[in-house]
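Going line by line, the protein sequences match chains A and B.
For what it's worth, my numbering labels the leading residue of the first sequence as 1, then goes sequentially.
For what it's worth, my numbering labels the leading residue of the second sequence as 1, then goes sequentially.
Just to be clear, a hint being listed does not mean it is correct.
[As the list claims (entries may be wrong)] Straight-line distance between alpha carbons at most 30 angstroms, and here's what the computed DSSO-like set of lysine-lysine pairs gives:
(1) B/K76 with A/K245
(2) B/K76 with A/K462
(3) B/K449 with A/K359
(4) B/K449 with B/K438
Derived by calculation from the structure, the hints in this document are not laboratory data.
Note that this is a predicted model, so its numbers are computed, not measured.
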Amino acid sequence: MEEETLFLPLEQLVAGLNEKRFSSEELTKAYIERTKRLEPEIKAFLSFDEEKTLREARASDERRSQGRLLSEYDGIPIGLKDIFSEKGQPLTCASKMLEHYVSPYDATVVERLKAAGMVLFGRLNMDEFAMGSSCENSAFQMTRNPWNTKCIPGGSSSGSAAAVAAGELPLALGTDTGGSVRQPAALCGVVGIKPTYGRISRYGIAAFGSSLDQAGVLARTVLGAAAILKLLCGADPKDATSARKEVPDFCKEIQNNRGKKWTLGVPEEYFGDGLDPEVKEAVLAAVDFYKQQGYTIKPIRLKTLEYGISAYYIIATAEASSNLARYDGVRYTYRSPNAKTTEEMFSLSRSEGFGSEVKRRILLGLYVLSSGEYDAYYYDKAQKVRRLVYNDFAEAFESVDAIVTPTSPTPATKIGAKSTPLSVYLSDIYTVSVSLAGLPGISLPCGFTQSNLPIGLQLIGKPFDEGTLLSIAEAFEEGHDFLERRSRV
Amino acid sequence: MLHYEAVIGLEVHVQLKTRTKLLTRAPYRYGEEPNTLTDEVVLGLPGTLPVLNKAAILKAVQVGCMFGCEIARRCKWDRKNYFYPDAPKNYQVSQLDEPLCKGGFVEIELEGSARNIQGGHRRVALNRIHVEEDVGKLTHGSDGSTVDFNRAGVPLIEIVSEPDMHSAEEVFAYLKSLEMHLRAVGASDCDMEKGQMRCDANVSIRAMGSTALGTKVELKNLNSISGVCNGVRHEIQRQICATEAGEAIVQETRRWDAEKNNSTSMRSKESAHDYRYFTDPDLFPITLSEAQIEEQRKQVPELPFAKQERYLTTLHLPYTVTSVLCPDKRLSDFFEATQALYTKNPLSTANWIANDLLRETGNQPWEALKLTPQHLAELVRLVDEGVLSKQSAKEVFFAAFQTGEMPSKIVKDKGLEVSVDTDALRTLCEEVIAAFPKPVAEYRAGKEKALNVLKGQLMKRTQGKVPVSAIEKVLAECLKG
Numbered sequence: 001m002e003e004e005t006l007f008l009p010l011e012q013l014v015a016g017l018n019e020k021r022f023s024s025e026e027l028t029k030a031y032i033e034r035t036k037r038l039e040p041e042i043k044a045f046l047s048f049d050e051e052k053t054l055r056e057a058r059a060s061d062e063r064r065s066q067g068r069l070l071s072e073y074d075g076i077p078i079g080l081k082d083i084f085s086e087k088g089q090p091l092t093c094a095s096k097m098l099e100h101y102v103s104p105y106d107a108t109v110v111e112r113l114k115a116a117g118m119v120l121f122g123r124l125n126m127d128e129f130a131m132g133s134s135c136e137n138s139a140f141q142m143t144r145n146p147w148n149t150k151c152i153p154g155g156s157s158s159g160s161a162a163a164v165a166a167g168e169l170p171l172a173l174g175t176d177t178g179g180s181v182r183q184p185a186a187l188c189g190v191v192g193i194k195p196t197y198g199r200i201s202r203y204g205i206a207a208f209g210s211s212l213d214q215a216g217v218l219a220r221t222v223l224g225a226a227a228i229l230k231l232l233c234g235a236d237p238k239d240a241t242s243a244r245k246e247v248p249d250f251c252k253e254i255q256n257n258r259g260k261k262w263t264l265g266v267p268e269e270y271f272g273d274g275l276d277p278e279v280k281e282a283v284l285a286a287v288d289f290y291k292q293q294g295y296t297i298k299p300i301r302l303k304t305l306e307y308g309i310s311a312y313y314i315i316a317t318a319e320a321s322s323n324l325a326r327y328d329g330v331r332y333t334y335r336s337p338n339a340k341t342t343e344e345m346f347s348l349s350r351s352e353g354f355g356s357e358v359k360r361r362i363l364l365g366l367y368v369l370s371s372g373e374y375d376a377y378y379y380d381k382a383q384k385v386r387r388l389v390y391n392d393f394a395e396a397f398e399s400v401d402a403i404v405t406p407t408s409p410t411p412a413t414k415i416g417a418k419s420t421p422l423s424v425y426l427s428d429i430y431t432v433s434v435s436l437a438g439l440p441g442i443s444l445p446c447g448f449t450q451s452n453l454p455i456g457l458q459l460i461g462k463p464f465d466e467g468t469l470l471s472i473a474e475a476f477e478e479g480h481d482f483l484e485r486r487s488r489v
Numbered sequence: 001m002l003h004y005e006a007v008i009g010l011e012v013h014v015q016l017k018t019r020t021k022l023l024t025r026a027p028y029r030y031g032e033e034p035n036t037l038t039d040e041v042v043l044g045l046p047g048t049l050p051v052l053n054k055a056a057i058l059k060a061v062q063v064g065c066m067f068g069c070e071i072a073r074r075c076k077w078d079r080k081n082y083f084y085p086d087a088p089k090n091y092q093v094s095q096l097d098e099p100l101c102k103g104g105f106v107e108i109e110l111e112g113s114a115r116n117i118q119g120g121h122r123r124v125a126l127n128r129i130h131v132e133e134d135v136g137k138l139t140h141g142s143d144g145s146t147v148d149f150n151r152a153g154v155p156l157i158e159i160v161s162e163p164d165m166h167s168a169e170e171v172f173a174y175l176k177s178l179e180m181h182l183r184a185v186g187a188s189d190c191d192m193e194k195g196q197m198r199c200d201a202n203v204s205i206r207a208m209g210s211t212a213l214g215t216k217v218e219l220k221n222l223n224s225i226s227g228v229c230n231g232v233r234h235e236i237q238r239q240i241c242a243t244e245a246g247e248a249i250v251q252e253t254r255r256w257d258a259e260k261n262n263s264t265s266m267r268s269k270e271s272a273h274d275y276r277y278f279t280d281p282d283l284f285p286i287t288l289s290e291a292q293i294e295e296q297r298k299q300v301p302e303l304p305f306a307k308q309e310r311y312l313t314t315l316h317l318p319y320t321v322t323s324v325l326c327p328d329k330r331l332s333d334f335f336e337a338t339q340a341l342y343t344k345n346p347l348s349t350a351n352w353i354a355n356d357l358l359r360e361t362g363n364q365p366w367e368a369l370k371l372t373p374q375h376l377a378e379l380v381r382l383v384d385e386g387v388l389s390k391q392s393a394k395e396v397f398f399a400a401f402q403t404g405e406m407p408s409k410i411v412k413d414k415g416l417e418v419s420v421d422t423d424a425l426r427t428l429c430e431e432v433i434a435a436f437p438k439p440v441a442e443y444r445a446g447k448e449k450a451l452n453v454l455k456g457q458l459m460k461r462t463q464g465k466v467p468v469s470a471i472e473k474v475l476a477e478c479l480k481g
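Turn these sequences into a full structure, and let the hints guide you.
Now the structure itself:
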């Protein structure tokens, strides 16, 4: 099989299977071969059960020969960030804490992928417990940016973005709490969508910030992302916060919307200080493109931008401090061999089992939830700010269909370049407000820097209006040829 | 010397009797093999999420309705964070500031002046009732500790009283009343030994007549109703002694040791937990409609004290019998069902249940009972109709209890039917009249009660085999002469 095949958009891979140009087993094997060749450099995978993966591919071919396909995407490989529970597979969250944990059950999204007959292809690296945006917080390995292996791939869905960019995989699932799908997608030059909060069941996804966590899709094309998104969305009786909203056929919506001229909002706050000039130029060029297509471009204000990051880090860390309390050395986690008392079993297991960024965020979370001497109530205040952020967006959406911003203030930086936690936190500035407001957001490639690093364009949509968002993204993709570009690796 | 008044508030945790747990569909039953009633949610595995058990909420609403609480139309769920090996998530889903039920009261019956005399009633005010999840159970052994998560996630209601009790006796009456009421609505079996009901007490004292609250001490590890009372009684004395000795009462939590009849300090106020409560982001607030609440209110059955009042005033049952029947839903249900079949002799029916049935069932499971209200109704009727003597009735009751045969069949099979030999009875009557001239004279002089001596003699001489009704009839004829 030609290597080029591995870079085909999803609909063409589906066509290849349907036209019997290749079987699922052949396709899967080809991805495995490529992955094996590239992994020493990319390091996107934490574990890979080759036998199981091929078994799933053969089962799909078997179904195909019997005319019992489970879905259009039966036999297509997809990778999982190592945060999704898959029965019988390791679930490490890239943490020493869960190094030897094997999930005894399937996450709802994994159930849905299985029900569609997709081939679950390996467990992808990430920042530990999804905390970080560079992969530098993985306890096990540093995933490299396929465009420049000296650079970070972004995070926390680092392995998902890098593997798709490098053509190790056509598709991958990630999770996004404050930008963890969109930012690595931007830095690795792929499409990454985070739907509205509540669209996709969180059941079986190790929690970070429960009120913010959403699964998302990383793909080479907007249509590919739309197709997988449709499979994942929908109410789940196991997740009380999942939305009981009808799920439209996003791919159809994209087709029906072709040629529509939308109104896009451009918030001036998102183009201010701290934005890399090359990124700014590429994003403004994208705005120009839309204008030339006949879209209405409207300058808007999103004044809460600067407060978003503080509110986000209070809410996310508060929830994380509670969510991660279960990793305590008592049952399935790492247990310190040095512990002599129950107290030590808790404290030493957690001190030794968690990495420094996770510990930093847990401490932050404990602090903001504590009813200290001065009764600061940081958490309640942050919730109020969150409401204001939402109102800010809601007001903007009264007059625009979507909002255009950069995804990340900079392209991929060199590994180790950002020295302080704060500088790392600030790299989430354009993505966290979207998460706070629970809105859908997508990042797609909109250009390259002079040093050939991808630049991401973020589109922000109205609640539960992923269809419009995807349609606008696809219009941009159609007018450009970034897909033709290959990462260096 | 000053006189002191104790001020006591109780926090009572009660396991709700639902088929499944509060936040998942794992089942719960007491006494199963450790860690067999769990699932990924109970164990708090990565990625698991809670889904509220509606039946548990509605049951808690019913309890709130029963105690006259104000039921919240909307309430939220909070996480109470603390590390302990019996808590799978190291936080507990609970309700901090929006409890499901607010206010209300528990009616209690105070001790009467004698066992057979009804005591006065008063209301103990409630602060709130909220819903939360139970934790697992730790067992400490010589070679380490084990934890059983079967109990983890079982729905609990925490019934918090106001500081509205003033003696160990009131505490006893309060807990008995809670137990009786919660059983009446089928909310819980309230067996403290099985951990279905658990109690912490807040105790303080103040000078009699004062309305200010003293420094409170929380008592824990109170494992039975009598344990609570002993612990509270001891704590009141401890505080009075300390105050008399000029010592200040320290706000602290003390652990009661029932065996040593003593308490020891567990922790002071300074080391109190900071539970870092916050709204659980995995559960949206619940809303209850007026109709939903009304439906639960309608399902509250006649409550034990109301039932007792009815038995006393309309059925004219003696207080002692009602005080056995009414607190025990099984007994009063049995009584009502028997009454529905045979209404003519409530006293006899009640006595059979309060004495014989209760004694025979002992600790047997009620479900295995072979004797039904049909049996008892028939038995009482047979005695009333003179078919069966009282003495034989005991034998028939016992046989029916053991075999489940209907009394009429037992009577037939054993040939226990009374056949009164009227001539022989008349001869006996004449003998007794001759032997006891004094009561006969008194009777003839108008003293009805004097006849009892003769009746007693006749019952003795017929060895109880002849129904009283027959004896009375023949005796009367003979006396008329």
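Subject >> Indices of hints not satisfied (ascending) >> reply: Hint 3 contradicted; others consistent.
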